[in-house]
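Protein chains in written order, with the numbering used here: chain F, 1 to 103; chain X, 104 to 471.
I should point out that these hints are in silico values taken from the structure, not numbers from a laboratory. As the structure is a computational prediction, the values presented were derived from the model and not from experiment. C-beta: ideal position from N, C-alpha, C; glycine also. Some clues are possibly wrong.
As the list claims (entries may be wrong) - Covered stretches of chain X (chain F as the covering partner; in silico rule of three or more C-beta atoms under 8 Å from a C-beta of chain F):
# : region
1 : 157-163
2 : 192-202
To be verified - Restricting the straight-line Cα-Cα distance to at most 30 Å, the calculated cross-link-like pairs of lysine-lysine (BS3-like) are:
#  : chain 1 : residue 1 : chain 2 : residue 2
3  : F       : Lys61     : X       : Lys270
4  : X       : Lys396    : F       : Lys61
5  : F       : Lys61     : X       : Lys341
6  : X       : Lys213    : X       : Lys277
7  : X       : Lys140    : X       : Lys267
8  : F       : Lys61     : X       : Lys332
9  : X       : Lys270    : X       : Lys384
10 : F       : Lys75     : X       : Lys384
11 : X       : Lys430    : X       : Lys384
12 : X       : Lys140    : X       : Lys153
13 : X       : Lys384    : F       : Lys61
14 : X       : Lys341    : F       : Lys57
15 : X       : Lys332    : F       : Lys57
16 : X       : Lys153    : X       : Lys267
17 : X       : Lys431    : X       : Lys267
18 : X       : Lys267    : X       : Lys277
19 : X       : Lys384    : F       : Lys57
20 : X       : Lys392    : F       : Lys57
21 : X       : Lys384    : X       : Lys267
22 : F       : Lys57     : X       : Lys396
23 : F       : Lys75     : X       : Lys430
Given next are the chains, with one letter for each unit.
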Amino acid sequence: MMGAYGCVIAAVELTQGIYTVRRAETETGADYYVAPPGMGIEDLEGCFRLEVSGMSKGNNKAVEHLLFSKMEQTKRGNSNLPAIAGVIGFEVLRILIEYVEEK
Amino acid sequence: MSWAEFHQESERLAAQAQGLALTEPDSAQKLYVEAAKAEASALMDVDIFKVRTLGITAVSAVALWFKAREFAEAQRLAHRILGEADLPVFAREQLQVLLQTIWSEEVRQKADAKFTEGAFLVSVEGGQILTGGAPLDLVVSKVELLQSIFFRTVEFLQHMPHRKRGKASFDVQKICRPWLFQAAPGSYQFAVAIEDVGQGNLFEQVATAEEIKGTFVSLLHDATEDPNKSLAERVPDKEYRGTFLKLTRALAPTGNDFSVMTIRRDALDRNPIMLDASSRKVMADVIRKDFTKPRASGETEDTLNGTLRAVHLDQDWLEISVDGDHKKVYGVGETVDDEIGPLMNRPVAVRVLVQPSGRMTFVDIEAG
């Protein structure tokens, strides 16, 4: 799982130009927060929460399904948005990133 | 020091603690305590108009006290914040969930029986599900399915022949017993803890309770995420694999009762198993491809939607009532009791092959 985080964080930096700035604990682990350069230093108000998931095996369709599931999970019952969902399929060497909007 | 400085210190300590959690749990616990103190200080320094930052930091501080196993301190802080601060909705809900998780953990710690570390958490949401409430028949059927899969996991690890008829033997049930606990109701949730019973069995126990729990969750994960490859690698035996796949498919939603079942390996699981309509379809496609009879020349495929009224696996037939008309379907002998038993007198969809004579042979069955 830490491998998935590292890869998705790097992909978000390269493709979106936003950086991981903070980490905060939750009941089930920790959330990472990303922000454009210069933001996220004094507070978390303008940050995106980063939701990451990975699969060691699975084809492209499985990775797309994982992204969809991750986005639905992120939207469901949790209004700590805005957020970015990022998933990685290690077998197919593919990373998918999507912004999650509030319903 | 400012919020940023306290929070940064807390991040550093928490990351260190996480790194030591498996190898040096006592050291990790001490680090979590220090991280919790730093985060609580950060919380005191948040500008109250920065509502999102306030909410996130509040949850983080309570979560850190929980991870430090300082349950009293975690509860004290959570109650104080909930009573005093104007929190955003997500933070209020997460703090309430944390409180319930802490109470459940305290209950399990006080229990007489020995449980494997932590419990896996099952939740259902959407459809008819309310926060903290769900139709009883739905909950009972899913709990029974999970228990079926669990005992099959034990049999699989014990290298026992694939069981087609009847319930798991008493000796299998005695190896490990799943228990239900109340869990924090984000939707409707329950926790399943494994009691390590394993004493005085008639046969040698191959796997530990921890291994059984790990394999059980891995099987569910593989069946849901990668039924083609990962499940086949983990379960080379085709009969076992087909049974695990069909029972896992039965956990996923079919209609409007609920929209997703989430299974977490423990309270800290960041990558839960999620069973929804699309994962049900993925599993159904694999079952159709690898575990059903191919159509012979002259046969046509059909689906009967009705109520399952009778089953006789030894005589190899089932009866389904379709709009009041009772139809008999043959060739069900290979179907296991776990799969078909819970569907009795319930709406079902039965896929059949219809021969030119009109005789119908069984292909597959799902809840309707």
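Output the indices of the hints that this structure fails to meet, ascending.
Of the numbered hints given earlier, those the structure breaks are 3, 7, 16 and 23, listed in rising order.
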